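**Student:** The primary structure of each chain is shown beneath.
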Amino acid sequence: MEKNNDYIIQLQGLCKKYGEKTVVNNINLNIRKGDFVTFLGPSGCGKTTTLRMIAGFEMPTEGKVLFDGNDIAKLPPHKRPVNTVFQKYALFPHLNVFNNIAFGLKLKKIEVDYVKKNGENGVKQIKLKNFLVNPQTGSPDFSIAHKDYFSYIEKGYVKLCKIKKTINKMTKKGRQKKEVNGYKYYIDEKVRRALKIVGLSDYETRDVDSLSGGQQQRVAIARAIVNEPKVLLLDEPLGALDLKMRQEMQIELKEMHRTLGITFIYVTHDQEEALTMSDTVIVMKDGSICQEGTPIDIYNEPKTAYVADFIGESNILDGVMIDDYKVNIVGAMFDCVDAGFGQNTPVDTVIRPEDIEVREAGKGQLLGVIKSSMFRGVHYEMVCECNGYEFTIHSTIESPVGKEVGLYVAPENIQIMYKEHVDNTINVTFSSNTTFNMYGGEYEFDPTALFENCSYDSEQDILTIDGKECSLKGKNAKINFGFTDIDMTDDEYAAPLAGNVESMIYKGKNYIVDIKTDDNNHIYADTEYLWDKGDRVGIKIDGKSFGLVECDELFEEGENV
Amino acid sequence: MFKKLLSLPYALFMLLFVLLPLVLILVFAFIDASDGTFDLLANFKELAKEDALGKVVKNSFIAGFSTSAICLLIGYPIAYYLTKKEFNKKGVMIGLFIAPMWVNFLLRMMATKAVFSVLGVKLGMGTVIFGLTYEFLPFMIMPLYNTLLKIDKSYIEGAGDLGATPTKAFWKVTVPLSMPGVISGLTMVMIPSVTTFAVTEIMSNGKMMLLGDFIYNLKADSLNMAAAISFVLLLFMIASMVISNKYDKDGGKGGRLW
Numbered sequence: 001m002e003k004n005n006d007y008i009i010q011l012q013g014l015c016k017k018y019g020e021k022t023v024v025n026n027i028n029l030n031i032r033k034g035d036f037v038t039f040l041g042p043s044g045c046g047k048t049t050t051l052r053m054i055a056g057f058e059m060p061t062e063g064k065v066l067f068d069g070n071d072i073a074k075l076p077p078h079k080r081p082v083n084t085v086f087q088k089y090a091l092f093p094h095l096n097v098f099n100n101i102a103f104g105l106k107l108k109k110i111e112v113d114y115v116k117k118n119g120e121n122g123v124k125q126i127k128l129k130n131f132l133v134n135p136q137t138g139s140p141d142f143s144i145a146h147k148d149y150f151s152y153i154e155k156g157y158v159k160l161c162k163i164k165k166t167i168n169k170m171t172k173k174g175r176q177k178k179e180v181n182g183y184k185y186y187i188d189e190k191v192r193r194a195l196k197i198v199g200l201s202d203y204e205t206r207d208v209d210s211l212s213g214g215q216q217q218r219v220a221i222a223r224a225i226v227n228e229p230k231v232l233l234l235d236e237p238l239g240a241l242d243l244k245m246r247q248e249m250q251i252e253l254k255e256m257h258r259t260l261g262i263t264f265i266y267v268t269h270d271q272e273e274a275l276t277m278s279d280t281v282i283v284m285k286d287g288s289i290c291q292e293g294t295p296i297d298i299y300n301e302p303k304t305a306y307v308a309d310f311i312g313e314s315n316i317l318d319g320v321m322i323d324d325y326k327v328n329i330v331g332a333m334f335d336c337v338d339a340g341f342g343q344n345t346p347v348d349t350v351i352r353p354e355d356i357e358v359r360e361a362g363k364g365q366l367l368g369v370i371k372s373s374m375f376r377g378v379h380y381e382m383v384c385e386c387n388g389y390e391f392t393i394h395s396t397i398e399s400p401v402g403k404e405v406g407l408y409v410a411p412e413n414i415q416i417m418y419k420e421h422v423d424n425t426i427n428v429t430f431s432s433n434t435t436f437n438m439y440g441g442e443y444e445f446d447p448t449a450l451f452e453n454c455s456y457d458s459e460q461d462i463l464t465i466d467g468k469e470c471s472l473k474g475k476n477a478k479i480n481f482g483f484t485d486i487d488m489t490d491d492e493y494a495a496p497l498a499g500n501v502e503s504m505i506y507k508g509k510n511y512i513v514d515i516k517t518d519d520n521n522h523i524y525a526d527t528e529y530l531w532d533k534g535d536r537v538g539i540k541i542d543g544k545s546f547g548l549v550e551c552d553e554l555f556e557e558g559e560n561v
Numbered sequence: 001m002f003k004k005l006l007s008l009p010y011a012l013f014m015l016l017f018v019l020l021p022l023v024l025i026l027v028f029a030f031i032d033a034s035d036g037t038f039d040l041l042a043n044f045k046e047l048a049k050e051d052a053l054g055k056v057v058k059n060s061f062i063a064g065f066s067t068s069a070i071c072l073l074i075g076y077p078i079a080y081y082l083t084k085k086e087f088n089k090k091g092v093m094i095g096l097f098i099a100p101m102w103v104n105f106l107l108r109m110m111a112t113k114a115v116f117s118v119l120g121v122k123l124g125m126g127t128v129i130f131g132l133t134y135e136f137l138p139f140m141i142m143p144l145y146n147t148l149l150k151i152d153k154s155y156i157e158g159a160g161d162l163g164a165t166p167t168k169a170f171w172k173v174t175v176p177l178s179m180p181g182v183i184s185g186l187t188m189v190m191i192p193s194v195t196t197f198a199v200t201e202i203m204s205n206g207k208m209m210l211l212g213d214f215i216y217n218l219k220a221d222s223l224n225m226a227a228a229i230s231f232v233l234l235l236f237m238i239a240s241m242v243i244s245n246k247y248d249k250d251g252g253k254g255g256r257l258w
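Those protein sequence lines, which keep their order, are chains A and B. If you use this note's numbering, the first sequence closes out at 561, no skipped numbers anywhere. If you use this note's numbering, the second sequence closes out at 258, no skipped numbers anywhere.
Don't read these hints as lab results, they were simulated from the structure. Remember, predicted model here, so these are calculated numbers, not experimental data. It cannot be assumed that every hint is accurate.
Restricting the straight-line Cα-Cα distance to at most 25 Å, the calculated cross-link-like pairs of lysine-lysine (DSS-like) are [to be verified]: (1) Lys84/B <-> Lys153/B; (2) Lys129/A <-> Lys168/B; (3) Lys88/A <-> Lys230/A; (4) Lys106/A <-> Lys168/B; (5) Lys168/B <-> Lys190/A; (6) Lys85/B <-> Lys17/A; (7) Lys207/B <-> Lys58/B; (8) Lys168/B <-> Lys108/A; (9) Lys74/A <-> Lys84/B; (10) Lys509/A <-> Lys403/A; (11) Lys207/B <-> Lys84/B; (12) Lys79/A <-> Lys84/B.
Quick look at which bits of chain A chain B covers, simulated, 3 or more residues with Cβ under 8 Å [to be verified]: (13) 71–84; (14) 100–111; (15) 451–464.
All C-beta atoms in this analysis are idealised placements derived from N, C-alpha and C, irrespective of residue type, glycine included.
All chains, full assembly: derive it from the sequences and hints.
**Tutor:** Okay, here's the thing in C-alpha cells:
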C-alpha cells in the first residue's frame, strides 16, 4: 500500500452508485494534513456524498478511502477518527449544551497500562469521564509515566472515584458543581475549553432549542472539535445562517482552523465561501472533479468554461487560437500569454468583468456600445455590445448608455481553455437505411450526406455505396453533429429524443446548453434562447447535418467475390 | 359570526354527550343512595365495605401494569423495525397489526379462549393478560411508530460520528427521543386495560374481575357507587394525562430522561 505521510486522507477511485444512478464517479484526491479543503459544486454534484463516504455514513460502491495510508472505507462511523458538523447541526434535543458537547467524550475509554499487585503488567480500559484533572499539574492524571500507574490504578483511581462520589453527595446535583478541593473533571475542562473556542462560555446548561441558529452552529462545531479529531468534516454548516452571521462564522472558522491545526474538509455550493476560506478548492460536477487548486488558481485560471462560469462573474466567449500568443475573440485579435494550443484551434476564453478597461472609441482591441449600466456599490456593472456579443464590465467609472467605447484587455487577463467538447460525437446503431438509434431515439438521416459516393433510391430502399449495394440495418457507427445543428423544442413528443437541461453557459450572444437524456447521456446544443435548468426539452436534428466519424465494415467479405 | 354558528352543533354534542355525563358522574358520586342527600363520603364509605373491591383493584393494577409492560416490550421492537426502510411498507404494517382489528374483538377473544381450551391452558390472570395484550398491542405500536418515524436520522448519524456504537446510539439517542411515544403508548394501553370488562369475563371464564367488570356489575344496584369508582378512575386518567403532557411539551422531540 502506498504510504505518504503528508496526506491524511486519500480517495482512490471512489465511486458511489444508487442502483443505476452514479452519484460519485471515480474520484481520486489527496488531502494534505492541516489543509482547509473545500468541495464546491451545485446541488446534486456528489460533494455531500463524497463527504459522507469519508465520515462513514455511506459505503462506497468502489474505491478506497485512505486515512494515514490505511483503508477505512469499510469502517463504521464510530470507528473513524473524524468528526462531522452536520448541515442541520443534528444537536440532540434531549440534552443541554454541556451534555451535547460531552456526548463523544463520555463514550471514550482510555487504555491505561499498569502494574498489578502481583507485579504483572496489565491494561485497563477506563472511561474518560472518570478522570480528574490534577490540580498541581493542571493535566489529567493518565499522562503520568507508566510506572506511576500502579499506584494510580490500585490506589489513586479508587481514591479519585471516592472523591467523585463525595462530590455527588455534597452537591446533590452531582455534576452541576464541577470543582471540589481543587479537583475538576477532565471532560468538564475539555467541554469548557471547547465552549470558549466557539465563544459560548456561559451557555453550558442552556437548552439547545433555546439557542439561535448561529449559537446552535457553534455548539455543533464545539461538539465536533472537543473530540480532537484528526479531520473535521463540515457539510454546508453555514447554509442556514443569514448573510451577516455567515460572514462572521467564515472568519471564525478560518481562525479556528489556524489555531487548532486540524484538517478541515468543507462542503459548500457558495463559491464566495469556498474562495474566502479554503487552502484548496475542489470544483465538482456530475460526481467528478473538474478542477482542483488554490482559490487564486481556480479564479484566475479556470480549466473549463464550467468552472469559470461557476466561480465568480465572467465573460466566457468562443475564440480561435490563431497561433501562440495570438487569439481571435469575437472577430478581434488579442495578445495573450498562452502558447501550445496549435494553430487555428477553437478555444473557450474567459475574461473577468473587472479586467476589461473602458477606453475612448478607437483605442483598445474592441469597439462597442454601452447597452446598460447599473450602480453596484463599489463599481458600475455595464454591458457593452461588441460585434453582436455582450461583454459585462465592472468599472468604478461610469460610461453613459449609448456611448461608443473602446475595450482593452491586457494579455495576462485572458484565460484560454481547451473546449471540453467541440461537437457531439455519439455511437449509434442503424435501424434502417435512413434511420438510426441514438440514445434510444430514432433519428432520420440522409444517407447521401453521410456517406461518400453514395446514392439512395428511396422508392425501392436500395442504398448504393461505391457502386455496391448494401444494407445498413444492424450496423454500428460513430457519428457527429455540431452544437448549432440541434433544434431544441419544448414539446418533447415532437422530437425523437428528450432530455433535461443540466446546465447552461452564456457565450455573450448564445447559450451552450448541456442536455442530459434519461439514460444520463449528454448532448450539447447551441441556442439563442434562455432555458431554465431542469427544463424538459425535445432534441430535433436535421437529417442532413450528421457527419460520419467511423463505421462498421459495410460489406461482408463474401460479397466482394 | 357565521363561523361561530358553524361550531354550534359540535358544541351542543359535546355538552350533551361528553360534559353532561361527566357532571352526572360527579353528582352521582357524591349523592347518598339511601336518602338522596348530598354526602361527600357516603359512597366511598360504602365502597370500602365491599370485600371484593380490594382484590379487584389489586387485579386491575397487576393486569394493567403487566399488559402495558408486555405491550411495550413487544411493541417497541416491532415499531422500531417498522420504521426501518426494508420493513417500512404500509402493507406489512396493516397486514400484521391493523387487520386483526377489523375482526370484532369479542369474536377474537372467544376464538382465543377456544384455542386455549383446546391447548388445555388454565384460564386465569395469565390468559387475561394475554387477551389484554392481544387487544391493546396496536395502541402501543401506533404512537411508538409515529414517534420513532419522526426522529431525524441525523441524530443517529451524529451519535455514530461522535463514537457511539449502534447499540450505544440506540440507548442514548433513540430511546430518550422516543419517550413521548412510550408514555402515550403506556397511557393508551394502561387505562383501557384497567377499565375493560368483556375481555376479563371471557378470558377468565367470569372468575376474575377488573375495575371495569366491577362497575358493570354494580350499576344495576347502585349507580352512585359505580359513579364513585368512575370518579376515582377519572382522577387516575387525569394524572396520567398530566404526566404524558409534561413529556409532550418538549416539542414532541423527546423527554429529558437521560
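**Student:** Tell me, which hint numbers fail for this structure?
**Tutor:** Result: hints 11, 15 break, sorted rising.
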